[in-house]
Structure formats: C-alpha cells, structure tokens
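Sequences listed follow chains A and B, in order. The first sequence runs contiguously to residue 244 in this note's numbering. The second sequence runs contiguously to residue 244 in this note's numbering.
Everything labelled a hint here was simulated from the structure, so no lab data went into it. Among the clues, some could well be false.
Since the list gives no way to pick one copy over another, a pair counts as held whenever it fits inside one copy or between any two copies.
Okay, derived cross-link-like pairs now, DSS-like style, lysine-lysine, Cα gap no bigger than 30 Å in a straight line [as the list claims (entries may be wrong)]:
(1) Lys114 <-> Lys100
(2) Lys227 <-> Lys114
(3) Lys100 <-> Lys227
(4) Lys114 <-> Lys240
(5) Lys227 <-> Lys240
(6) Lys240 <-> Lys100
Number of protein chains: 2
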Amino acid sequence: METEKFSHHISRRFNEELEHVRSEVLRMGGMVQQHLDVAIQAIVAADSELGLRIAAEDHRVNRMEVAIDEECTRILATRSPTAADLRLVIAVIKTITDLERIGDEAQKIATLASRLTVDAHADDEHRQVQVMAGQVQEMLRNALDAFSRVDAGDALAVVEADRLVDEQYDMIARRCITLMMEDPRSIQRFLDVTWVARALERIGDHAKNISEYVIYLVHGKDIRHVGIDAVREKIGLV
Amino acid sequence: METEKFSHHISRRFNEELEHVRSEVLRMGGMVQQHLDVAIQAIVAADSELGLRIAAEDHRVNRMEVAIDEECTRILATRSPTAADLRLVIAVIKTITDLERIGDEAQKIATLASRLTVDAHADDEHRQVQVMAGQVQEMLRNALDAFSRVDAGDALAVVEADRLVDEQYDMIARRCITLMMEDPRSIQRFLDVTWVARALERIGDHAKNISEYVIYLVHGKDIRHVGIDAVREKIGLV
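Hey, can you work out the whole structure from these sequences and the hints?
Shown next as structure tokens:
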C-alpha cells in the first residue's frame, strides 16, 4: 500500500483517521463488487432469488455511504486538511456517491435479469450482455485497485476501457431493436435485455468517474470533460 | 436572501468567497435550466437545430463545474470552514455534479426529441411526455429556489414531487410497450419516447438530490435513504 503520501503528519491520530476512511471506501467497494457479481450471476443463472438478496443487502451499502460521508465532514471540520490530504477527503466524498449508485444499478440488473432469463439463455444477445458484464466487472475491479494503490496510470486505463463498454452497449441496443421488429412478441424481452445493458453501461461510467478521482488524487488535476490524449499529457504519460 | 447564516465571519473576504460560490452555483443552475427549456422546446417544436445548440453550449456548463469545484477546494484548504460554512461548501461540491448531469440529460433529450417529432405531434404519449417535462422543469426550478433561499421546507416539497414524476414515467413506459406491440413499425419511435421520458425521470432524481443537499445544509442531517415521513420528523416538520 502506497500510503506514505498521506503519512507525514505530526498527529498519528490524524493519519489513522485518513487510513480508516480509505479502508472503509475499499470495504464499501468490496460490498458493491459483490452485489455486481450476484447481479451478473442472475443474468447467467436465471435465479430470481438473487435480486431479492441484493435488495435485502442494499441498505448496508447506503449506511456505509452516510457513515463515510459523515467521517469525511468531521475530518474536514476538525483537521483542516490541505494538499494531498484534502484531495483524498474530497475524492472519497465523490467516490462513495458513485459506489452507492453502482449498488443501485446492480439491484436493477438482478431484478430485470431474473425476469428475462426464462427463455433467453441460448441466444446471441444474452451472450453479448455477458461479455459486457465481464468488461464492466473488470473496470470496477481495476478502478478500486487503482484507488487502493493510488495509481494514476491504472486509473487512466479504466477511463480508456469505458469506450469499449459504450461501444458494446450501442451494439446490443441496436441489435435488440432489430430483433423486436422481427418478432413483436419478443419486445418485452429485448427491452429487458436493453435495460440490463444500459445499467451495465452506467456502472462503467461510475467506475470511470472513480478512476478520474484517483487521477485527481495523485495529480491534483481535474480531468473531467477532457479528452484522453489531453489527460495523458496533463498527467505526464506522453 | 437568507445569507445571514453564513455571514458571521471576522474575515469579510471569506464571506465574499462563500457568497461568490453560492451565486456561481445559481448561475450554473440558470444555465442548466435554460438547456432543459431548450430541450423541452425540441420535444414540442420538432426543431432539430435545438439539440445542436445545447451541445455547443454544454462545455460552458462543464467549465463552470470544474471552476466551482476548484474554488471549493481552495476555500477548504485556505479557510478551514466549520459548521454551516463547511456544510455549504460540501453541499456545493455535490450540487454541481448533479447540475452537470442534468445538462447531459437535457442534451440527450434534445437530440432524441428532434428525431421523434416528425410524425408524433398529435398522439397521446407525446402529450404525456410534455406533462412530465413540465413537472420536471418545476422540480428543478423549485430545487434551485430552495438552494437560493436555503429553505428546507421547499426542498422537502421537491423530494416529495419526485414520486409523481416516477409514476408518470412508469405510465409512459408501460403504454409505449403496448403501442410497440400493437404496431411493430412504431418500435423505434416509442423507444425514443421512452428514452426521453427516462431522461426526464433522471433529471427529476437530480433535482431531488439537490433538494436533499439543501436540507442537509439547513439541518446538518443526512436524509438520503430515509423515507419521507422520517425526514419530516428529522427536520421537525411534524
């Protein structure tokens, strides 16, 4: 763990607080990852119980968001952090919002997936959604790894991967429209497939957001709304 | 303007900084409102130029988000705000994220709307979307008013209004599926209508988020993930 950057404090207590907030984010991230895994299992296995399982657990994610948010506010009020410490606290406040929303999307996926799997197992769209699910799972894992290791290069790779996920989504959505037109009885099903793909696409966006906060954390530069090449230049990767 | 709460500072300069950040948020809000108005005009008027107009302006919204964010970070670093001042800065950091996303959704709506209006003017779904657009417009206006006047009661009314918008969305989405099944040639069109309604529903969510930050700003209580009645109780409205 590269935590030295946040460790030059006179107050050992302050160090511990920052370290605690970081590890809580990773714990929350682990929980959300698990929910995404379960949601994807629901796509693959046609198990309608899985959605209920995530729904029952979602309040724990919400509670963590509120708790970490409060801890950050307390640190800001009592420690008046500056420089890298301040950036860490701000990055955490933003990251947990995205993690919470990933949890919501996972729940949505699980609910939809259990409905659509009855007769959808074998077809091509279903396989494409599974491919997309794997891509998104990896993006989230890498985003959390980049946060954990405070690694801007890895974070940038996640930002770049988001384009592939967007392309995959566009392809699935277009194919679904064609299939609905070919067989109107399949409309509800391919709408559901489209919604699942859409939720996965949004999770990709959130993983990208988290990675952007990591880059901000390391370089103190705001890279939102900037093209990839400009980012590479800004953080000195060209 | 109820700004006394933020005005008990020895440093007049600090007051001015907080006041500036507040007014910048309202300016950004006004810009986003305008984009939403144009997007809704695109639904009503079938004008494909309108989408392009928002797209051309969207970078200004993005630039404002980054600038306000940087100003907040600077205030946190140099002024070490506490209590209500700290809550204001945190609320601002969160609010601008939601405003920026409302801008994105408005752009999406304008692009879709210009495509769908060619032969869709007279039908019932189109009218229902317009009703929903009006509701969402009002939610955003009221959320920004509540932020401007720091009024938790008005903010709570926005949170409550979101339920109606969600219901309207569900109704439109269900109707669209039925219509697609009745006439497969209309699939693309009613999908577009669904996507527009979906984007409006998300704007409603963002307006609700902003209102929740206002309540947090006033009462210092985190009301996310809490039912309306519990919120009323928490902020002393029962």
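The hints, checked one at a time:
no.	hint	verdict
1	Lys114 <-> Lys100	both (22 Å within a copy, 24 Å between copies)
2	Lys227 <-> Lys114	between (34 Å within a copy, 28 Å between copies)
3	Lys100 <-> Lys227	both (15 Å within a copy, 18 Å between copies)
4	Lys114 <-> Lys240	between (37 Å within a copy, 29 Å between copies)
5	Lys227 <-> Lys240	within (8 Å within a copy, 38 Å between copies)
6	Lys240 <-> Lys100	both (21 Å within a copy, 25 Å between copies)
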